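Student: Sequence:
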Amino acid sequence: MDKTAHSAADAVADIPDGSTIAVGGFGLVGVPIVLIRALLARGTSGLEVVSNNCGVDGWGLGELLAAGRIDRVIASYIGENKEFARQYLGGDVEVELTPQGTLAERLRAGGVGIPGFFTATGVGTMVSEGGLPWRYAADGSVAVQSPAKETRMLSSLGEDREYVFEQAIRADYGLVRAARGDRHGNLVFEKSTRNFNPLAAMSGRISIAEVDEIVEPGELDPDEIHLPGIYIDRVVVLSREQSTELPIEKTTVRRRAN
1 MDKTAHSAAD AVADIPDGST IAVGGFGLVG VPIVLIRALL ARGTSGLEVV
51 SNNCGVDGWG LGELLAAGRI DRVIASYIGE NKEFARQYLG GDVEVELTPQ
101 GTLAERLRAG GVGIPGFFTA TGVGTMVSEG GLPWRYAADG SVAVQSPAKE
151 TRMLSSLGED REYVFEQAIR ADYGLVRAAR GDRHGNLVFE KSTRNFNPLA
201 AMSGRISIAE VDEIVEPGEL DPDEIHLPGI YIDRVVVLSR EQSTELPIEK
251 TTVRRRAN
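Here full-length UniProt numbering is used: position 201 in the sequence shown is 201, and no number is missing along the way.
It should be emphasised that the hints constitute simulated quantities derived from the structure, not laboratory data. The structure displayed is predicted, hence computed values, not measured ones. Note that the Cβ used here is the ideal one computed from N, Cα and C, for glycine as well. No incorrect hints appear here.
Simulated restraints on C-beta separations:
hint	residue 1	residue 2	range
1	A138	P16	25 to 31 Å
2	A120	A9	41 to 47 Å
3	D2	G101	34 to 40 Å
4	E159	G101	15 to 21 Å
5	E249	G46	27 to 33 Å
6	S239	R152	47 to 53 Å
7	S243	V142	38 to 44 Å
8	A67	V142	25 to 31 Å
Sequences are here, hints too, so could you generate the full structure?
Tutor: Have a look at this one:
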């Protein structure tokens, strides 16, 4: 039952080229940066990444993106990653933009064995009707666009409404970051770092967690566990230097009152 790995390099060593990986984090919060860098060092390429966004320039998934290791991204927004925008508009990477809540539920559904679900989000837009540009050609034309999805009139709370069917996401691997974990893989997340991390872990057929602190089984109060170890296959313990590398995405200041 001891799921601890010797190193991040060992934990990702069997991830092959072309894998689909679900990655936790939101912006720079809760990003499994050590596992991402281990993939970068290993040279893994042709990846399909499922994540809220694709990191920022020079950090997080942005490191894999800049190295040309990512072929396709399922995300809720491009954000302020200029390299991500450049590669998308230049046709270097395919992007399936998905409403944020829908993306979260697609990951969760994949983790609990639900093949798909109906949602009102996106009905009457290109999300349901198709035509979203997934990949651009070099000349700026749309090379691949999203297909139309199944819609259905359903009754909910006494009201008939149109819904669109969204497929669950089942990733080959999940990469997540947690504050604490035990050797059985039970995880506790720190405040907002919880974000997409539990969902990414649930989605992965094999999921790997990097943790700031490791404890022995039984030390975590069952009521404080955010993700049970059944969803985690490997645990990587970070060094103090690795766990304290926490850049700020945006620094804002205000003038002090006299």
